[in-house]
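*Asks:* Here the protein sequences come in this chain order: W and Y.
Throughout the first sequence, residue numbering follows this note's numbering, covering 87 to 198 in sequence.
Throughout the second sequence, residue numbering follows this note's numbering, covering 13 to 124 in sequence.
Simulated from the structure, these hints should not be mistaken for laboratory data.
Just so you know, not all the hints are guaranteed correct.
One-sided excerpt, in silico: chain W residues whose CB lies under 8 Å from chain Y [stated by the list, open to error]:
1. Leu-176
2. Thr-186
3. Gly-190
Heads up, the beta-carbon is just placed ideally off N, CA and C, and yes, glycines get one too.
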Amino acid sequence: ETGVTQSPTHLIKTRGQQVTLRCSSQSGHNTVSWYQQALGQGPQFIFQYYREEENGRGNFPPRFSGLQFPNYSSELNVNALELDDSALYLCASSFRDQETQYFGPGTRLLVL
Amino acid sequence: SQQGEEDPQALSIQEGENATMNCSYKTSINNLQWYRQNSGRGLVHLILIRSNEREKHSGRLRVTLDTSKKSSSLLITASRAADTASYFCATDRVDSSYKLIFGSGTRLLVRP
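Please put together the full structure from these sequences, using the hints given.
*Replies:* Written as structure tokens, this is what we have:
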């Protein structure tokens with residue numbers, strides 16, 4: 087157990103809807119990263135937040151957005167859902183400049 | 013886009029045998045990490061090797077890194093059925109150290 091929790095565990099949405107996924111970081115960690123993992127693929131970096139500001143972003147469109155709160159918990163929001171957004175969404179927490187990231191169990195999103 | 017490629021994509025061995033997985037990457041790195049994923053859930057950090065290290069051990073795990081060939085290998089000795097999982101290498105690139113870039117993974121099946 088890494089101490090990183092995510093909710094919900096599973097979610098079904100329809101195309102065009104919006105979704106919010108939540109992540110609670112391991113105690114004391116001030117950095118959170120979000121990854122998308124399509125079936126049979128490795129995780130792909132979406133973005134990272136440090137002290138409530140975006141610290142870096144991968145190759146994802148603006149309809150993927152995030153927030154980090156003062157307690158270092160985080161949200162991933164996806165607007166205008168597309169079928170290809172169906173994936174496992176993982177968050178990972180760490181201290182800034184810490185090399186190892188600690189992953190939560192993920193939220194599996196299915197878009198119909 | 014994925015930085016690394018794992019080889020083989022899938023591996024099936026008998027309990028007690030050794031399992032070797034390889035990872036190749038494309039750009040200069042700060043470090044390379046190996047993660048394990050059970051049944052499409054969260055990733056568990058196994059071991060980290062820095063760019064100035066050539067070999068590292070942790071329990072039954074042995075990792076090597078060859079920066080001249082941009083490749084790494086993970087050896088699991090005396091495998092157990094509980095080692096059945098997907099294994100991913102992830103690189104921390106010099107030009108974007110805020111994110112991990114994952115390979116496509118090796119699916120390991122250890123038969124009892």
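*Asks:* Tell me if the interface restraint on Thr-186 of chain W is satisfied: Cβ within less than 8 Å of some Cβ in chain Y.
*Replies:* Since the shortest Cβ distance to chain Y is 5 Å, the answer is holds.
*Asks:* Next item in the hint list is Leu-176 of chain W. Is there a CB on chain Y closer than 8 Å to its CB?
*Replies:* holds (6 Å)
*Asks:* Taking the least C-beta to C-beta distance, is Gly-190 of chain W closer than 8 Å to chain Y?
*Replies:* At about 5 Å, which falls below the 8 Å cut-off, the nearest Cβ of chain Y leaves the hint on Gly-190 of chain W intact, so it holds.
Violated hints for the displayed structure: none, as all numbered hints are satisfied.
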